[in-house]
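Starting from the structure of chain A, add chain B where the hints point.
Those protein sequence lines, which keep their order, are chains A and B.
Counting from 1, one number per residue, gives the positions in the first sequence under the UniProt record's numbering.
Counting from 1, one number per residue, gives the positions in the second sequence under the UniProt record's numbering.
Watch out, some of these pointers could steer you wrong.
27 Å max Cα-Cα, derived DSS-like pairs, lysine-lysine [said to hold, decoys possible]: (1) B:LYS316 - A:LYS308; (2) B:LYS282 - B:LYS972; (3) B:LYS871 - B:LYS107; (4) B:LYS139 - B:LYS107; (5) B:LYS713 - A:LYS45; (6) B:LYS303 - A:LYS187; (7) A:LYS187 - B:LYS747; (8) B:LYS390 - A:LYS175; (9) B:LYS747 - B:LYS851; (10) A:LYS319 - A:LYS308; (11) B:LYS139 - B:LYS658; (12) B:LYS314 - B:LYS303; (13) B:LYS871 - B:LYS57; (14) A:LYS405 - A:LYS319; (15) B:LYS390 - B:LYS346.
Just so you know, these hints were derived from the structure itself, not from any lab.
For clarity, every value in this text was computed on a predicted model and none was experimentally measured.
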Amino acid sequence: MTRINNKLSIVAGIAILCIAFSCKSTIDNPEINNPNGAELSTVLKNATRSQIIQLATGTFSAMRTGYNTSPGNGTSSYESYCKVAGTLGREVYVMNQSETRWVNELAGLNGTLDPGAFYNGYYFSFSSARQTAAILQQSAMNTGSINSQEKSGIQGFSNTIIAFEMLHILNMQGKNGIRTDLTNYLKPGPFVSYDASLTAIKNLLDTAQEQLKQGGNSFMFNAPPGFAGFDTPLTFIQFNRAIAARVAIYQQDWQAALTDLNSSYFKIDGSLSTGPVFNWGVTPDVLNPLYQALNNSVSVVANNSFIKDAEPGDMRLNKVTQRSSALNLVGITGSYDVSLYPSNRSPVSIIRNEELVLIYAECMIQLGQLQNAVQALNVIRTHAGNLPAYSGLVTKPALIDELLKQRRYSLFYEGHRWIDMRRYNRLNQLPIDQTGQTIFDAMPVPLAEVNWGK
Amino acid sequence: MKTLLIPTIIKSVFRKIYKGIFSAHQSIIAIACMIMFLNPANVFAQTVLTGTVTSSKGEILTGVNIHVIGTKTGTTSDSTGNYKLMLPAKENMINFSLIGYKTQQLKPGSSPVFNVILDPAGHVLTEVVITSGLATSIKRSNAANAIVSLSAARLTGTTTPSTVDAAFSGKIVGATITQMSGAPGGGVSMQLRGISSITSSSQPLFIMDGVILNNSSFDAGRGTNAFTGANSISKGQDNLANRLADINAADIESVEVLKGSSAAAIYGTLANAGVVIITTKKGFNGPTKINFTQDIAAISATKLLPYGSWDEDKIKAFYSDPAQQASEIAAYQQAKSAGQIYNYPKEIYGRTALGTYSQLGLSGGSENTRFYISGGYNHEDGLTKNTGFKRATVRANINHNVNDRWDVQFNSNYINNVTDRGWENNDNNGVDIGTNLTSLPSYAQIHRLADGTYPVNPYYAENPFHVIDAFINRETTNRFIESFTTNYSIVKNDHHQLKASFQGGLDYLLTEAKLYAPDDAQSQINAISGYPGASRFTNDRSINTNFQLALVNTLEGKDFTNKTSAGLVRFNQNLVVNAVQGEGLEMGQMNPVNAAVRSNYSYSQQIINTGAFLQHELNWKDRVIATAALRIDKNTTNTSYNSFYPFPKGAVAVNLTKFDFWKTDAINQLKLRAAYGQTGGPAAFGSNFSQLNPTVYNNNLGLTAPITIGNDKIKYEIASEIEYGADMGFFNNAITLEVTLYDKKVKNLLQPFTLAPSVGYSGITGYPIGDLQNKGLEISLGATPVNRPDFRWNTILNYWFNRSKITRLIIPPSAAGPNLGALYGFNELRVGQSPTEFVGTPLKPDGTLTKYGDAQPKFQMTSYNKIDFLKHFEFSFLLHWNFRSYVSNFTRFQLDQGGQSPDWMVPTHLDGSGNIMPGPAIPTGLARQIGLNAGYFIESASYLKLREAALNYSFSKEHLQRLFGNAVKGLKVGVSGNNLFTITKYTGLDPEVSAFGQTSVGSNYDIVSAPYTKRFLFHLGVEF
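This is chain A alone, in the form it adopts within the complex (with noise of 0.2 Å):
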């Protein structure tokens, strides 16, 4: 071959290297969108109406589960919630041969909780389903598709949301505070103090009621069903001030109390059990995570002293199951499950007119009208407990003990006792089941939010 030709043949190659190289479908590369789920971006502007409602949807459906829609492993918010405020407050224990750190680190037996554990994931599940509220609101305000009163209906029940999410972190921080200014995620506002932090949930409580008040006779969606009879904008006001007399009684506000106490679904006289619930299903919905079958070896189990306590045939004894056999871990004993709920689909209570009557009994105790306070809690002795009615002393301290009492049986593993006993200072009167255990007063900021910073 001649010299020529070689070159000739080297160009050639060239050729078909930039011809091959030229051909759009040989080097281009397409985009690839997500094939797996839609993004956010696609309801932040111009959402349609059936985006609306399904933001919606997953809203109540966070409320319930946060992110995490596995049951069972405690990281999901409102099981969470029951099962690390019941071991702080000593209500019950979570045995698990596999994760002792619920009965040992929990109820303090190292000295200290631990801000990167698994028993932190409460607050992120809450603050996700707070964020599942925040993006309905937005997604609501821009967008054409619904009109200004349907948008005031969603601030209304977003805020509400919003409020009630914040109000579960804040108990389990305590004296830490939370952050309240959330609305840019790069940058999101300080850490304020407790007092502050209540002051911030009550003012968006009250900020959610007067939108709720523009919202017309009816939301642009529905309602799960244990929402029925307060799922109109002018009902679920009376869901938002039932959280509003809760945050009222933190914030030792008894007659604001009162005043949301009448505008909820409180009667003192009414069934106790009036108030919204959650909702569960097979799946794909979610099977309620604080149900549990009986004499497993993977147990939550009442804390011995709830039994040992009870007033003999306390009927809300019914709410725990004696075991066939105790359970034993690293040193800690239970013989009787929780068995607060009898099936995987049983509704868990939200707030219930049985908790509307002990905080006007609370507050009536508070302004020392105490017979007032002795009927509101003779209705929970008698209705709640099957129980005489209260002969102890009329006094304000021994009605609080009283109060605290009946607060304890008929709230029992619904995350009240410890910041019950927290807020009357008396966390030192919890029991404690082993040597070296310690009684916390607040959970520990969790690693990433010190990391971040203020």
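Structure of chain B alone, referenced to chain A:
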């Protein structure tokens, strides 16, 4: 299918161009788009030389490269070891080389028959040809990178491996290879030169005959709540096997390992963690040769976890409740008097399991067509009954020369792999066998009853015998790996060659996972869902396709050789996962459609990478070899999915001994080399997505907030590496020394950018959070301390270490990888610290966690020795010393909780942190639960392992002739073993462990793995 368009395009282009140029070749070229192989025959030949090549043991050597120095003339020995060569001139030296043997340069005498004997080579600098680019190769003595090249003899010659990646252990200087658990069927993590990513797994790219292999580990869903509930942290903890387990090691001819970016730069975005190039066997012309090997293995546990003995005092100490104490003591007394005290771990894991490894190969061919056809069947039983690994493979490799310019190669491989992994590792529902055994006292009575039912295990959540007998955790993979290569020599003369080559292929695999837990199992009866009986069927379908089109131009001058290559590459990866799950099964039914609650899952992803490369090599008389290259890539995981990003490379090697001034005969080789290169690591698929989560509430569809927010400016991680070193050969390579230093910097490490959790998003999915650096040293010393005809000892000593360090971080110091909390320790990202450093409680006064030690070892050292003696015997062994890697041993905690620790009853005043407790002494097992900190969990895991050892006997040609006439051409028998002993102070099952799978950080966790195995094999190899 874009890849399929290419041949047509090229074909038409070739046709057009050549019409005008070489009309004589028109008809050939018209078909020709693929290619290659320089035809060994040379038209200028004058005399014919023939001969046979054998080893010093008398074995026939096939495939020996025979090359007349200074010419293009060459050939290979055929299946009978014979060769035929046209000698251009009698003055030429002839080079005989074969991987695994010492290269010989000989001058034939006047006789036309020239028989050659090659000695096995133990040292590292054997003269083999290795990869220098995507379409070019280079003599090893001219390479500027330290590329590990493993022959079949090194890979599988000592002992037959379970899986091919297990066979790499201890053989690659610079690699950290971890067998992640003791379960049968693979599960090996391989990291080259430290870690190259935080989020991705840092596993190298595996390429077999040009096909990019899928090495995923598919999650079967065992960690879902219907089964073990372990999934809340990481999906890898399902005790997964990576798909390299499908590859039949017996088909492999050689393996090359490009460890760092400087060697792998030409692979661009795909090569941040290095590249492993696997080449399978080829046929040779000559009579058809039939190879049959059969190995039989006895497999047993290397070690079992301690199992506690019980008595009344211990029961009293263990249980605080008096009623429980009484009932347990009664149970204990009853068991004792009935002689029913058992050692359950021994009963379950104590057996000797059987392994069989069969391989049948046919190879041969004519001058123009050569084939290698093989079938292999491996069957390994697991230690636990009903577990095991069965793999059948068939392969056909066909080479054909269409004419002296054009060759075609087609490799086809089918694999069927069925693995029953068993039920082990992390677990939150108390299902797994090991987890149950840690809390099962020896006086428990849980054997299956006569009526076929299983007693309730009162000590935890499941009866392990029920799991063994009835639970299923099976993965079935069917896989095709097809590769096609063709080369066409456009120009082919002594001083100028221009070659076009096309290489493409596909790797199609379908892994079907089946999980089943029967409805009458204890853990199912107590299922939180309330629906006993669960099954889950998962299909993972993955298709990798890739092709490469290249031109290589070689110009050979008097002093300089210039080699230029350029080409196009494209890679497409397509994964679809579908799963159906049923809970609440009809009695005895396995199909999820028979369940009360049915759920499903579907996921898909596609990644496309398109690139081009240009490389130039300049060789000055083998004295100075310089390479410059540029690869450009675009990858769909980048936000700018259609923009090219550059990956440069530059390298130089100087062979001082080739210069005229070199007079020191004792040093026959001294090469100094330096190489620089860049590679990329693509972001995980979906890193720019912010996906709303679907949820169903009361039959209505809802949407909830994304968990993480995508990064809308996502781009690959980028690594740049400089590597330099020296290769030395002394006394004609009787001693060789290879020393390499490297400095690899990985920039823009992608990691979830953790947001303040208050905001409701946990983080930004992939965010460039900082940089890390890996520095290390690799030394390979090869020697032949004794070299006598009846006793030859070859030895290779490898020593290496890697130090990783975070050099920049824009986020606060934070946990990386799976994180069980500071109590068990986790790997932490912190500037100036290794990203694989374990930190944990207690907090130090300055607010940082206590440092405990690095998961990466301080150094590793291996010693490979091969002793050929008495002509027919070969004794070889491989020792591996891993110094000071650390493991977080959660298993230890489980043993304490279950009362199984050997020292459980020893009275102590010290708590878990070693502080003195007031009051009387209490049992150690209880004391350690108090005041616990991470120091208890994080253990040093140094070890010395005898990885492989073998004694083989090869029959010589003459001997076989006497015994069998011409019927048998080769016969080898032997015994071998692997993991025969491990010396370690580590208290868990094995210091090599990774509960969370192939992860870069957070790998060394021990959470009740399956026991590890040692194998003792008997080997028979026959060649017909």
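Right, here's what the structure says about each hint:
Distance hint between B:LYS316 and A:LYS308 is fulfilled; the C-alpha atoms sit about 24 Å from each other, no more than 27 Å. Straight-line distance between C-alpha atoms of B:LYS282 and B:LYS972 comes to about 21 Å, which keeps the hinted pair within the 27 Å bound. Of the pairs offered as hints, the one joining B:LYS871 and B:LYS107 holds, with about 26 Å between alpha carbons and a cut-off of 27 Å not exceeded. For the hint pairing B:LYS139 with B:LYS107, the CA-to-CA distance comes to about 21 Å; that is within 27 Å, so the pair holds.
Of the pairs offered as hints, the one joining B:LYS713 and A:LYS45 holds, with about 21 Å between alpha carbons and a cut-off of 27 Å not exceeded. Between B:LYS303 and A:LYS187, the direct Cα distance comes to roughly 53 Å. Violation of the 27 Å bound is thereby established for this hinted pair. Restraint check for A:LYS187 and B:LYS747: satisfied, since their Cα atoms lie roughly 26 Å apart, inside the 27 Å limit. At most 27 Å may separate the alpha-carbon atoms for a hinted pair to count; B:LYS390 and A:LYS175 exceed this at roughly 60 Å.
Straight-line distance between C-alpha atoms of B:LYS747 and B:LYS851 comes to about 25 Å, which keeps the hinted pair within the 27 Å bound. A C-alpha spacing of about 14 Å is found between A:LYS319 and A:LYS308, which places the hinted pair at or below 27 Å, so the restraint holds. Our distance criterion of 27 Å between C-alpha atoms is met by B:LYS139 and B:LYS658, whose separation comes to about 14 Å. Of the supplied pair hints, the one linking B:LYS314 and B:LYS303 holds, its CA atoms being roughly 25 Å apart against a limit of 27 Å.
Proximity of B:LYS871 to B:LYS57 is assessed by CA-CA distance (about 6 Å); at most 27 Å being required, the pair is judged to hold. For the hint linking A:LYS405 to A:LYS319, the alpha-carbon distance of about 15 Å falls within 27 Å, and the restraint holds. A threshold of 27 Å between alpha carbons decides the hint, and for B:LYS390 with B:LYS346 the separation of about 25 Å falls inside it, so the pair holds.
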